[in-house]
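Novice: Which chain is which? The protein sequence lines are A and B, in order.
Quick note: the first sequence, position 57, residue 237 per this note's numbering, numbers continuous.
Quick note: the second sequence, position 211, residue 391 per this note's numbering, numbers continuous.
To be clear, the hints were calculated from the coordinates, so they are not data collected in a lab.
A portion of the hints provided could be inaccurate.
As the list makes no split between identical chains, a pair holds if one copy fits it or if it spans any two.
List time: in silico DSS-like cross-link candidates among lysine-lysine, alpha-carbon distance up to 25 Å [what the hints assert, rightly or not]:
| no. | residue 1 | residue 2 |
| --- | --- | --- |
| 1 | Lys300 | Lys335 |
| 2 | Lys325 | Lys335 |
| 3 | Lys300 | Lys191 |
| 4 | Lys300 | Lys233 |
| 5 | Lys335 | Lys391 |
| 6 | Lys208 | Lys352 |
| 7 | Lys191 | Lys391 |
| 8 | Lys325 | Lys426 |
| 9 | Lys391 | Lys355 |
| 10 | Lys352 | Lys391 |
| 11 | Lys391 | Lys248 |
| 12 | Lys391 | Lys377 |
| 13 | Lys248 | Lys233 |
The model shown is predicted, which means the values in this text are computed figures rather than measured ones.
2 protein chains.
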Amino acid sequence: MSEISSGNVRKVEVVCSPELFPVYFDNKDCVVVVIDVFRATSAICAAFESGIKSLIPVTSVEEAITYKQKGYKVGAERNAEIVEGFDFGNSPLMFKDDRFAGESLVLTTTNGTRALEIAKEANNVIIGAFTNLTAVCDYIERLDKDVLLLCAGWKGRFNLEDTLYAGAVAQKLAKNLRFQNLSDSSMAAIDMYNNAKDDLFGFLGESSHRKRLSRLNMEEDIIYCLTEDLSDVVPILQGDTLVSHKE
Amino acid sequence: MSEISSGNVRKVEVVCSPELFPVYFDNKDCVVVVIDVFRATSAICAAFESGIKSLIPVTSVEEAITYKQKGYKVGAERNAEIVEGFDFGNSPLMFKDDRFAGESLVLTTTNGTRALEIAKEANNVIIGAFTNLTAVCDYIERLDKDVLLLCAGWKGRFNLEDTLYAGAVAQKLAKNLRFQNLSDSSMAAIDMYNNAKDDLFGFLGESSHRKRLSRLNMEEDIIYCLTEDLSDVVPILQGDTLVSHKE
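All chains should be modelled from the sequences, with the hints used to inform the complete structure.
Specialist: Written as structure tokens, this is what we have:
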């Protein structure tokens, strides 16, 4: 490891809201991990694990309608529910069989697809969820760039679940000497993940979004989204389209 | 406490960067606690404890120069150091005697005075530091409004020390039934404060700003800024000027 000096240790920074992305984004050649644990990025990972060919994230329902009119299968979620007239929302359980295998899907969600749009300025954009945690870390280590862990949050606000996941990634990466240049936000996220990791579901008991999903009877989704390493697929952005990369 | 329903429990939200203030600010009649532990708000509290009459926060060095030319005693700090030609920076230790007693001071700092400027949209703006922690909580409880704990951060980024303090305030307030409507960010800050409270200095050992101050031999400042309840003065904003309120 003699080639590692403090000068080329990679930065690992947690960005706890898309609104803060411009503050942290100072190196175009970094890798941005887009995180929306409940549930957009968990659903996207599940979709690729089930064999879809590609997924086009779009920010507005209007854009989503245009794709629908062209014959695409299109998902749309707002405020945790499927928008009427669309094929699916952001539940990962929609992809537990292979009904969409080989297809090119389109998706818009409240927070996740907006975070993806903002992240596009970076050269490398990937999708992170607890369900592909180890694959994401392996991919980043191999790529060997500065890392921004971009939490989608809730309408610009900090949320617990995305920051917990960011802490899980930062902690795994920090075991590698090359990824030990941690921001204050990464230290806080790691600290919180260590407190929570033995019972993520319980830790999130009072969180705003778990309560929101529980009210909608989505406990099964929550449990799925908090399960580590169900997939070794890392969805990566190529142009405007997510495609599958297998670690 | 029969008058308390979930409808009128006060919101307590941590805003971990001034950039996020617009996202959280949805009720003008709230109280905003401006937090810049290292060191602007600790210095402002120390200045009032030492008997100054008032303090005008300004955002630019140019404005500060204008006041200097009018004969005011003016402080200016950028990147943790006193700007040349000014009377003081943001070290609270500058106010350990009463040399400025009775005076109206002016101050500009890298992060703290900018956060104050952003907070001015709210009806009630106060200054928080570990050194006046209990007085701040008492003031908020008496005022009985929704609370935004506004962390100045470092140039828009999350920092550990301001969020720790926000967690200390949120936790103290949450003992009162009226202040139990916590945001995800408040829950995270409380969790972090509980981890750190027995050794705040040690917890901050790797934080970016403690390292920055340590390089400048400011350990004594750090220890001062992490000491709870040295003062029962709450600086409050009246128009463009901070004045003293004693709990």
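Novice: Looking back at the numbered hints, which does the structure fail to meet, lowest number first?
Specialist: 11
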